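So the protein lines, in turn, are chains W and G.
Take the first sequence: its position 439, counting from 1, is numbered 439 in the numbering used here, and each next residue is one higher.
Going from the second sequence to the numbering used here is simple: count from 1 and add 756.
Careful, some of the hints might be misleading.
[Said to hold, decoys possible] Some, not all, of what chain G presents toward chain W, calculated at C-beta under 10 Å:
1) 972
2) 976
3) 1026
4) 1103
5) 1106
[Unchecked claim] Computed from the model, here is a short list of chain G residues facing chain W with C-beta under 8 Å:
6) 924
7) 928
8) 1024
9) 1029
10) 1038
11) 1107
[Stated by the list, open to error] Chain W stretches covered by chain G per the calculated footprint, using a threshold of three residues with CB under 8 Å from any CB of chain G:
12) 19–33
13) 45–51
14) 229–239
Bear in mind the hints are in silico, worked out from the structure with no lab data behind them.
Treat the numbers as computed from the prediction; the structure is a model and nothing was measured.
A virtual CB, placed ideally from N, CA and C, is assigned to each residue, including glycine.
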Amino acid sequence: MSNIPETGRTPRVTLRLIVVQIVALSLLVTLGGRLWYLQIREGDHYTEAASSNHIRQIVTPAVRGSILDTNGVAMADNNTALVVSVSRTDLLREKDGGKAVLTRLAGVLGTSYKDVADKVRLCDAKTPQPCWKGSPYQPIPVTDKATTRQALQIAERREDFPGVTAEPTAVRTYESPDGVQPAQFLGYTGPVTDNELQQSKNSKHPFQPSDSVGRSGLEAQYDSALRGGTGVDKLEVDNLGRVVGSAGKTPAAPGDSVVTSIDARVQAVLQKQLEDALKRARTQVDPTTHTRYKGDSGAAVVLDAHTGRVIAMASAPTYDPNVWVGGISQAEYAKLTGKDSDYPLLNRVIQGTSAPGSTFKVISTSAALAAGFNKNSTYPCPSGISIGGQTLHNDDSESYGDITLPRALEVSCNTFFAGLSYAQWQKDGGIKPHKHPNDWFMKRAAAYGLGKKTGIDLPSETGGTIAGRQWKQQTYDRMKSYWCKQAKTGNPSDYVTRIAKEDCVDGYQWRPGDAMNFAIGQGDTAVTPLQMARIYAAVFNGGTLWEPQLGKAIVSADGKTVEKLAPKVASHLPDSQSTLSFMQQALVGVSREGTAAPVYAGFPLNKIPIGSKTGTAQVYGKQATSWFASASKDFAVVMTVSQGGYGFATSGFSVRKVYDALYGVQKDGSVDDKKALMPHGEPSTLPDVKHDGTVDPPTDRSGPTTVSVAWHQPWLTPATRGGGAPATPATAPVRSAVAAARRRRRGGPGRPEDGR
Amino acid sequence: MTAGLSAGKLRVTGRFGPQQSGLRRLVARDSPFRRTDWPLLLAATGLSLIGALLVYSATRGRTALTHGDPQYFLQRHLVNLVVGMVLGAGTVLLGGRRLRGVAPFVYIGSVLLLLAVLSPLGSTVNGAHSWIVLGGGFSIQPAEFGKIGMILAMAMVLAARVDAGEREHPDHRSVGQALLVALVPMVVVLAQPDLGSIMVMVVIVMGCLLASGASHRWIAGLVGAGLLGCVVIWQAGVLSQYQINRFAAFANPALDPAGTGYNTSQARIAIGSGGLLGKGLFHGTQTGGQFVPEQQTDFVFTVAGEELGFVGCLVILGLLGVVLWRACRIARLATDLYGTIVAGGIIAWIAFQAFENIGMTLGIMPVTGLPLPFVSYGGSSMFAVWIAVGLLQSIRIQRPLSA
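Make the full structure from the sequences, and use the hints.
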């Protein structure tokens, strides 16, 4: 062997072999470095990727909690519906991708293949609705309105319908207790958005793509309680989606129920009465335009005066909230929100504003007394006053001579309150105000909670506007340049241009006309029916301005845990108790002998004193808004009808009927406590939610123990007031009742209440 | 197996050496037992056995492939290993010098096998027409044997005049002949087409030339020609955009998300999620869920990455390092240029193929159908690398005792 030269070790070869060795080993080092990068540095990222790779979630939706009325009657709950679902995983195993199965299914359901196929396709950026947003591993619901027959057909021919199931499932249902469906305050639910999905990712109960979320009303306000926790079954799957194991399971937790202070029976009465008021408005002729009132919309609310809780809340026009269940169609959505719709989604009790008209005079009364005008003195009520080129007439241009404050309220004398407000304006320095004007009328409007939200437990409330001195300045600052431009460019003979010219110079000024209009609730001040209702409740409950509330308690599905929602005090009226009783007295006077008297014909005001105020608010370019605000020691009831005309004629009679129902007033004027829906206000106890989820009405139906101050005032006892209510029955035709009342009280023909 | 191999060699030396008692013969300084490169043998065996576990883990759940027998691939892998070791032992038995004699036959045989693939005998697997299916679940990939034939033939041509003492380094004519010899199997493989094997063969040519001591100019010229060829292919638009995307998908899986991009991203997730110590053998979710295609063959390293973690992967890299280190040592200490060139070719082969295979699972090399030496499931590859081990051992056994 040794005779063979060892050429393997020539220097060149040796050197090259060393190079080869270095290269080979450095390749291995490179791999090691890359491994370190992937496994150590980026390891967490890939661990996450691996788990999302092989873990699939099957979501069991939680049963949404019910929304109950004060007696435990469900207004929103869940019905069992036969839901037909399709599993995509099973479909894709079919040779034709499931086309034959879906065609057969469409045949059974009586729809087209396309209809069914669209519903089970997965959503992506390019796919239009309908499509499935949830996990592809989740059975996809095709319909929740299957009949038993259809379900049976599917169940019996299992082999024809691989991957199709027909199972009873809980579906949101909005009930119609007492034959009437509350809509706006209940709200509705809608599918979760991508944004919400992202935001909820780290929360305790993250949203699932197939979840529904409360979008409006109580459904939105109490969504977190109602929603419960979605059940998640984590499955380990392989690359073909076959289940190979389980990676943990969270059972679904049913949502809590919300017990409200709404009484479905009162709600039914209120909704019916609001409808009636709208119809009644349409039978009357507007004396200004000589056309029938349109009565296009309206709102009404019943509050418990003791607690500020909402007993009933109605907004017209209304709609059937069940259209939202299972997804709303484009056409239906357009009907609810389109330009041609009458916006039935609006809850006009909290979102509709208008000038309060004469119902504002209760605040003017408080302001006048605060400003030092005397309870017992008389002030002039001429037929009209002209100041600074502006003339303000009384309704009917009636003159009552010098009268007291209560009388001014009774006859709703515009010139009386306008005169007091003008006097206050002069005291505050007139057109060149003092540095700190008293502005009693505006300050009282704020103290009575106008111009800001009441804080009711409903989303999207409107706060309204106090169109006072400050508001004028702010409007001027905002509009000045626009006004001045219009003054320059517009036609000088044009009315709008002339106004613009004036406003451009001194549009910020708080003028006598502003002060007068303000005191009688006309002009740009805007209030919601709810704001007025709680003001009247406050006057009659001793001065507490409540934050109105619908939610009374949140009760777990098994009834074991109960979270009571205590009523909240927003503030107290600045008036003394004696002032308040003076106002109560005056308002009850309005019911007895004032503009509201026709409404209470045959009503036992002696036993149940109710204070009322009518209002007719002028709206630029529209017919007047009808207002009727009232309160007893137990309730405040306010109704308003847009383009509805007179306060008492349109709204008043309906409000009266609500009181009849609440107190059990019979046709002959007697009071039958047994027939009363709520003889003493809202029950203080809760309905009993049993462990199996069934609900019993509250055991204690007696009223709250708090007694309003007003109840014991001597003027409320029958002996002190002799005159009963007018004899005209409330059921008499409206026009004749109106005419009769006017003739009796004023001895003249009717004329519209004229605010300006 | 090791015992069998040694026993075989015992008889070889027995015929030429003086008669000695069994034990003495075994421990004698020049006995094949003592001369065997044990680290190389143990590292190669270790890799093969780790491979058996990884193949088992990757395939026990793949019922579509295993015909219901979870151990289907495990058993076959072990059978392949045994056959491979026997072939290796046979190679040692044959002896280096005699191998030089049979090299032309091995070369011609392997080229014929490669040509057979192009005939109706061949089958297409995973897009490469490079298989001969034998039936019974067995098939051979002639390209693997082509590599051996090529190494032996090139070494024979390059070393002929040097080992005869005529020259210190191979002359231009020898180099030219060697390149021609290498070109024939490469052209056949290119026709299949098997891009991975071509790449390995190019590297083998480079390894053989480097180890032969051929002129620097040849080396530089070939490297330059290779680069130029790549540029020409790129610029001339020989490849479609789809092909380029497929090739480049290793760096950016989005270029071919349903094809190689899916493989690479799933492979990367498998390896990355293994972390430091791995999820434990048979506990990988990527592996258990069969998210990585071809996991028992080309992507076997992902099983190690996921289930054995960084530490387990380093062990495999370390064992490969041992194999290469011993091979380099054998190349350096070979008694003749022929041995050096054979060892050099084998080093280039195993080093590049391991780098390419692991590199593609890690996303730093393009995806090509190359098995990981010793570890991947596959008879041809297993036989070829064990024959290579046998070649290395026989080169070592030949060298004088003084070395």
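Hints, verified against the model:
no. : hint    : verdict
1   : 972     : 9 Å, holds
2   : 976     : 13 Å, violated
3   : 1026    : 7 Å, holds
4   : 1103    : 6 Å, holds
5   : 1106    : 8 Å, holds
6   : 924     : 6 Å, holds
7   : 928     : 16 Å, violated
8   : 1024    : 6 Å, holds
9   : 1029    : 4 Å, holds
10  : 1038    : 13 Å, violated
11  : 1107    : 4 Å, holds
12  : 19–33   : holds (count 11)
13  : 45–51   : holds (count 6)
14  : 229–239 : holds (count 4)
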